[in-house]
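Based on the hints, put chain B in the right spot on chain A.
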Amino acid sequence: MACVESMNYEILLRNASFRECRDYVRSHCAEYVDVSPGYRLFDMHMIGVPPISIGLDGDTIVFPFTKPCYGTYLLKIEDRSEAEKVRALKKRK
Amino acid sequence: MTTNPKGDERKTAALVLGCPQVPVQTGIALYLSYSLKKEGIEPVIAGNRAARALIDISDPSRHYVEKFLDLDLYIELLAEKKQDFDYHFVFIHNDAGVSYAATIQALSPAPVIVLVYGEHFREVSDMIEFPCEKIAAKAVHNPMPLRRKLDEVLPWLVSSQ
Numbered sequence: 001m002a003c004v005e006s007m008n009y010e011i012l013l014r015n016a017s018f019r020e021c022r023d024y025v026r027s028h029c030a031e032y033v034d035v036s037p038g039y040r041l042f043d044m045h046m047i048g049v050p051p052i053s054i055g056l057d058g059d060t061i062v063f064p065f066t067k068p069c070y071g072t073y074l075l076k077i078e079d080r081s082e083a084e085k086v087r088a089l090k091k092r093k
Numbered sequence: 001m002t003t004n005p006k007g008d009e010r011k012t013a014a015l016v017l018g019c020p021q022v023p024v025q026t027g028i029a030l031y032l033s034y035s036l037k038k039e040g041i042e043p044v045i046a047g048n049r050a051a052r053a054l055i056d057i058s059d060p061s062r063h064y065v066e067k068f069l070d071l072d073l074y075i076e077l078l079a080e081k082k083q084d085f086d087y088h089f090v091f092i093h094n095d096a097g098v099s100y101a102a103t104i105q106a107l108s109p110a111p112v113i114v115l116v117y118g119e120h121f122r123e124v125s126d127m128i129e130f131p132c133e134k135i136a137a138k139a140v141h142n143p144m145p146l147r148r149k150l151d152e153v154l155p156w157l158v159s160s161q
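Protein sequence lines, in the order shown, are assigned to chains A and B. Every letter in the first sequence is one number past the one before it in my numbering, and letter 57, counting from 1, is 57. Every letter in the second sequence is one number past the one before it in my numbering, and letter 153, counting from 1, is 153.
The shape of chain A in the complex, shown without the other chains:
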């Protein structure tokens, strides 16, 4: 699995708070799934205050990405298999 930082991503929000990211996903994405911290998305375990909202728009995933020195970014990446994996969580709930 590719490293998120080497993937073709779009930055929707930068230096955002975890609340801003959650609110953006819930109000802008066609569907969203809440996951717990540590959920493995791409090659990383997600960092955040629960619940962490992951947005879905077709094959596009919108998710928060946190690094200590750069704060939280809200990223958008197109990846069909990962989107299906996240969507399957919603069906299981």
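Among the hints, a few may not be true.
Taking lysine-lysine and the BS3-like style, the derived pairs with C-alpha atoms no more than 25 angstroms apart in a straight line are [stated by the list, open to error]: (1) B/82 with A/85; (2) A/67 with B/37; (3) A/67 with B/38; (4) B/134 with A/67; (5) A/67 with B/67; (6) A/67 with B/11.
The hints are simulated quantities; they were obtained by calculation from the structure and are not laboratory data.
This is chain B only, laid out in the frame that chain A set:
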């Protein structure tokens, strides 16, 4: 609890460092490591490369810290239940620090103790709504306010858990 090379078991504490942009972080981390060792607890530094390097060059003879972990690896170990610690001390001065502490609290049953400092320590502290022990002080360049609070609560924290 871990077994060290001598074969005896001792408690371990992860010191989870944030971005080292606030000057007090490295000094307080070394002081906390010293205090934990006095209590018989082995400190392990988890942080990004810059945060670890600052500790590394400040303690070349390894008087206070012997073990280091990359921050992403530390999270992976907790998430995949490969390793845990008896305590997690999380250094926080911004929103990202709160996110890391919440993640650690969700992944580990061990006590999470947050050290909140920096110019905006009250606002950052108010963002923490999950269960943890808070040590908070307005410390940016001068570590003494945070050190005083740490001295007050650390013996109680490690004896009561």
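Now for the hints, and whether the structure bears them out:
With a C-alpha separation of about 24 angstroms, the suggested pair residue 82 of chain B and residue 85 of chain A falls inside the 25 angstroms cut-off, and the hint holds. This hinted pair does not check out: residue 67 of chain A and residue 37 of chain B have alpha carbons roughly 29 angstroms apart, beyond 25 angstroms. Restraint check for residue 67 of chain A and residue 38 of chain B: the C-alpha separation of about 32 angstroms exceeds 25 angstroms, so the hint is violated. With a C-alpha separation of about 22 angstroms, the suggested pairing of residue 134 of chain B with residue 67 of chain A holds against the 25 angstroms cut-off.
At roughly 22 angstroms between alpha-carbon atoms, residue 67 of chain A and residue 67 of chain B fall within 25 angstroms of each other, so this suggested pair holds. Among the hinted pairs, residue 67 of chain A with residue 11 of chain B is inconsistent with the structure: their alpha-carbon atoms are about 28 angstroms apart, more than 25 angstroms.
Of the numbered hints listed earlier, those contradicted by the structure are 2, 3 and 6.
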